[in-house]
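A.B. asks: Chains as they are written, first to last, in our numbering: chain G, 29 to 320; chain Z, 28 to 261.
Here are a few chain Z residues that face chain G, going by a calculated C-beta distance under 7 Å:
1) R102
2) R113
3) H130
Stretch by stretch, here's where chain G covers chain Z in the computed footprint (C-beta under 8 Å, at least three residues):
4) 70-77
5) 117-129
Read the hints as simulated data drawn from the structure, not as lab findings. Yeah, the Cβ is synthetic: ideal placement off N, Cα and C, and Gly gets one too.
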Amino acid sequence: MQEVIQQLVNGISLGSIYGLIALGYTMVYGIIRLINFAHGDIYMIGAFVGYFAIRNFNLSFLPALLVAMAVCAALGTAIERLAYRPLRNSTRIAALITAIGVSFLIQNAALLAWTPDPRSYPDVFPLRTYEIGGVFVDNRQITILSVAVALMVVLHYIVNFTQIGRAMRAVAIDADTARLMGIDVDRVISFTFALGSALAAAAGVLVGIYYNRIEPTMGAMPGLKAFVAAVLGGIGVIPGAMLGGLVMGVAEVAVVALTASTWKDAVAFAILIVILLVKPAGLLGRQVREKV
Amino acid sequence: MLTVENLNVYYGGIHALKGVSFQVRQREIVTLIGANGAGKTTTLKTISGLVRARNGKISYQDRDISSTPAHIIARDGLCHVPEGRRVFANMTVAENLALGAYHRRDQQGIKRDLEWVYELFPRLAERRQQLAGTLSGGEQQMLAIGRGLMSHPRLLLLDEPSMGLAPLLVREIFEIVKQINASGMTVLLVEQNAHMALSVADTAYVLETGRIVFSGPAREVAANKQVREAYLGA
Ligand SMILES: Nc1ncnc2c1ncn2[C@@H]1O[C@H](COP(=O)(O)OP(=O)(O)O)[C@@H](O)[C@H]1O
Ligand SMILES: [Mg+2]
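Next comes chain G alone, as it looks inside the complex (with noise of 0.2 Å):
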């Protein structure tokens, strides 16, 4: 019993920096119907930016991650800018490409400017371990899962709360009426950038800190898992990629306790199988109509 609890308390740590990934995903999608296949590389800048920050300018774990959160911001608006916006009026698979190819150009020039070699995190937090009922947790995760849960709260309130919010849902139901509603709709977008990149790079700080290791290919794997998540969820849904990530974090988890280690990756794609084989539309997902 203390075991499924002790890994649960690694899967839910694991599953929030998925969902916070994950969120990244579904807005992006929800929004202009793209799979931003860079964002899984803004996440890897997230954590570069932070470990400068810390290791640098010798910043405290906070003041770092919101560096970290607003350099990846201003990153993703330019990416949407340059890479996207272009071609918002052409075919979606001449949009996927050129995500594919952004993402490359991020992790190829991160390679060139940090070499490959793993770094480990500057040590912000000395590690504390807490006992309870036999359970050990530790300052680390009880940092992840605080983080998490309070940007997740702060990203519920813009988007159901605040006019920008509103405006986010309305461009996502219908762009066109959105903007007889004198909304702007490029404004909105980069916005919607911005908020997930910003969550992204939160994920990347907080990994770094967790496994103590990162490395400019380290975007890859958490990213497709990311975007697993937010498909099991229901892609666009927001709620969907907190449960998501959730899920597959307490899934991997337990692959890797019941089974081999080198299951751990084959877990994800597993799921996405099955999502897309028995409930297409995700867990909270609805089956709607493709927007003409």
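Assemble the complex: chain G is given as a structure, and chain Z with the ligands must be docked to it using the hints.
C.D. replies: Coordinates of chain Z with the ligands only, in the frame set by chain G:
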């Protein structure tokens, strides 16, 4: 207030508007009638900036808006209530109305207009927390108009507000259009229901396959023999 000159609009190879010209004067109700596919919706979309004309000119309050982005036009008091209502289905009535006032900052004015909209459409007031997608067709039309009014427009473009509604509701909607106009708002009304449209309008234009074929005071257009045969079933 609005002058459209020699508008030509294409959808790929389809020549949808072939030199459309007309005028809307302040405080008037102008109607644009015509059969399905005549180009009525295209005309409104071109005015509100959702569709671009290949050539021609649109002046609104003496300014050329032919290449102004749609959201800027909307902020300038020209409001287009689109065909088929297009309410935001998974948002509440109140949220839809708030979006209508998206670009406004005058909280007092927004509050006044909200009260006015709820007065015009008491059924919306009763359903303010209901999701727009769960409203009946008539209520959705009321919401679409109410959402438009929330932008406090000077010129209101209405695209087939009577579409798919029961006769009693159609009458109710047209009554409201008259009230809105009486409050000082200029209205450009697009309709297939020529009979009702001509009964409320001051001026009428008849659109046929992308061309204006008749125009004049609504009463005269309604009395025209050809119009009666083609559009009024008489
Ligand atoms: N998005 C579009 N793409 C191609 N053709 C269109 C489009 N919208 C309208 N049309 C065509 O343009 C013509 C005018 O359509 P529309 O303006 O919708 O007419 P109305 O509103 O009078 O029924 C029709 O022949 C219609 O088929
Ligand atoms: Mg039409």
